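Add 34 to a position in the sequence shown, counting from 1, and you land on the number used in our numbering.
It is possible that part of the hints are untrue.
DMTMM-like cross-link-like pairs, simulated, lysine to aspartate or glutamate; straight-line CA separation at most 20 Å [to be verified]:
(1) K98 with E386
(2) K411 with E401
(3) K493 with E448
(4) K432 with D412
(5) K402 with D39
(6) K168 with E131
(7) K402 with E386
(8) K426 with E448
(9) K137 with E91
(10) K214 with D39
Distance windows between CB atoms, simulated [unchecked claim]:
(11) V171 with K403: 56 to 62 Å
(12) T94 with S310: 27 to 33 Å
(13) G413 with P460: 15 to 21 Å
(14) P434 with K403: 34 to 40 Å
(15) T94 with G437: 49 to 55 Å
(16) P108 with S310: 33 to 39 Å
(17) R338 with P149: 35 to 41 Å
(18) K214 with G147: 41 to 47 Å
(19) K411 with E130: 55 to 61 Å
(20) T498 with G93: 58 to 64 Å
(21) S256 with P460: 34 to 40 Å
(22) Q479 with P307: 25 to 31 Å
(23) K119 with S310: 32 to 38 Å
(24) H456 with N404: 18 to 24 Å
The hints are simulated quantities; they were obtained by calculation from the structure and are not laboratory data.
Note that the structure is a prediction, hence the values are computed from the model and not measured.
Glycine included, each C-beta is placed from N, C-alpha and C at the ideal position.
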Amino acid sequence: MTIYDVLIIGAGCTGSLTARALSMFDVSVAVCEAGPDVAYGASRANSSISHAGYDCECGTLKAKLNVRGTELMPDLCRTLGVHYKRIGSHVIAFSEEDVEHIKMLYERGVKNGVPGLRIIDGDELRRMEPNVSKEAVASLWAPTAGIVSTYGLTIAAAENAALNGADFRLGYRVSEIEYKDGLWIVSDGRTPLAARYLVNAAGLGAPEIASLMADRDFSVVSKPSRGQYLVFDKQYGKMANSTLFVTPSKKGKGILVSPTPGGNLITGPNAEPVDSADDKETTAEGLAEITAGGLRIMPNLPLRGVIKSFSGVRPNATQYDFYVQHADNLPHVIHAAAMSSPGLASSPATAEYILSLLREDGLKLTEKKNYIPTRRKDGNPKRFIEMTDEEKAEAIRKNPAYGRVICRCETITEGDILEVMHAPIPATTVDMVKHRVRAGMGRCQGGFCSPRVAELLAKEAGVTLDKVTQFGGGSYLVLPRDGEEASE
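Assemble the whole structure, with the sequences as input and the hints as a guide.
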């Protein structure tokens, strides 16, 4: 049985960034993830907003971590080669009642230490955002807000952690936990692992993990909510220069219109209570609701330009604040739960905070002399489309695979795809490739490139095409040929 210093359950943005932070020190780290890839839960499908921090109630851990996380985000993304843009955000007021609310948010943001906040009138708002409704009378402008690829950040953090020795166990659904002889022993029913310290960063699965540890009073996570989205073609990505919120309600921050890190335009989400974290359906009613919300902000929203609809499920909390603390009555356990919005913006600071709690609990953290800060030993991978003409020519000279375009919508080459197949956390499914290089995220949504990606995966793994999956498990793409046995 392998014994680690720290075992993290959950490879979302909180768990993966915590693994990265720990990998800077001379400690052994493992991360168990039930899904077939990192960022497979709430970190896979959300608004990709790095919130400024004006919305959090003053004096809370959420406020502290949000403002600190937003401060850390630009340098973190630069170090890891993650798409991040500080584009700012507006909270738009459509009535005098809304104006009073954004004044309250302004005062709260000032107390939280959010820099650069201003309340502007409707005319200035429309000079900044020409497509915003003429009904808007004012907005709260927050210049430190940004957009970041949530799954991109999570994947990058995980790759960096793995490069520095962290052990990622994907498809490892923890089903048993016991404390014995000073060690936490976890198992998926097949392979036991042990660690001196345990971090519960399982997101929507955090209550189940707490229950397995016999922390049965753990009730900080309630029923999840499902949020639906519409994604517009890249030609409409510049219709908004910043993230556009409506004045929030009791249900949350409300429906937004925003550019995405990949250059698209997005609107959503709504908030629908669901019974299961796996309920990621889109519905006619839900899509109608977010369409109406988007049109309220931007009346000329290009509905004919929608290329994809999707939904994400996010945790809700029975308390207002994040629940990041030592477990009651359990030795060497840190819970990082109830990480609702602004969980993404807070995640770099949450990782810092978890390390401080582990130190308090006796974990010795000595800096690693040979720590590598990037995703590869020689730096961060650069996609073909991001290269200069000279770099493209040199890449093709060294590896002709960079001269063969696989995804025409996003200009992703065979070289790009082969590179992520040999990353510290190798891409082994079509979706893993998609979330690393965007092959399949363009206008045709993988109609042309998915078969070619599958062929590359099969060739590289030395298997037949019927062994390749969309996202792991039984998600096979093709039937076996006549006379061959079906995949198990």
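ask   = Does the Cβ pair T94, S310 satisfy 27 to 33 Å?
value = 29 Å, holds
key: Pairwise hint evaluation, E448 against K426, where the allowed Cα distance is 20 Å at most   = 13 Å, holds
ask   = Should the hint that T94 and G437 are 49 to 55 Å apart at their CB atoms be regarded as holding?
value = 53 Å, holds
inquiry  = For K493 and E448, compute the direct alpha-carbon distance and say whether it is at most 20 Å.
reply    = 12 Å, holds
request  = Starting from the range 41 to 47 Å, see whether the pair K214 and G147 falls in it by beta-carbon distance.
outcome  = 45 Å, holds
key: Proposed proximity, D39 with K402 (alpha carbon, max 20 Å)   = Measuring from Cα to Cα gives roughly 15 Å; hence the hint holds.
inquiry  = Taking the Cβ atom of P434 and the Cβ atom of K403, is their distance within the range 34 to 40 Å?
reply    = 39 Å, holds
query = Taken at face value, is the distance from the CA of E386 to the CA of K402 at most 20 Å?
reply = Holds, because 16 Å separates the two Cα atoms, which is no more than 20 Å.
task = Could you say whether the range 55 to 61 Å given as a hint is met by the Cβ separation of K411 and E130?
result = At 58 Å between Cβs, range holds.
ask   = In this structure, is the beta-carbon distance linking H456 and N404 contained in 18 to 24 Å?
value = 21 Å Cβ-Cβ, so the 18 to 24 Å window holds.
query = Does the structure keep K214 and D39 at a Cα separation of 20 Å or less?
reply = 15 Å, holds
Beta-carbon spacing of P108 to S310 - inside the hinted bounds 33 to 39 Å or not = 36 Å, holds
In the structure shown, no violation is registered for any of the earlier numbered hints.
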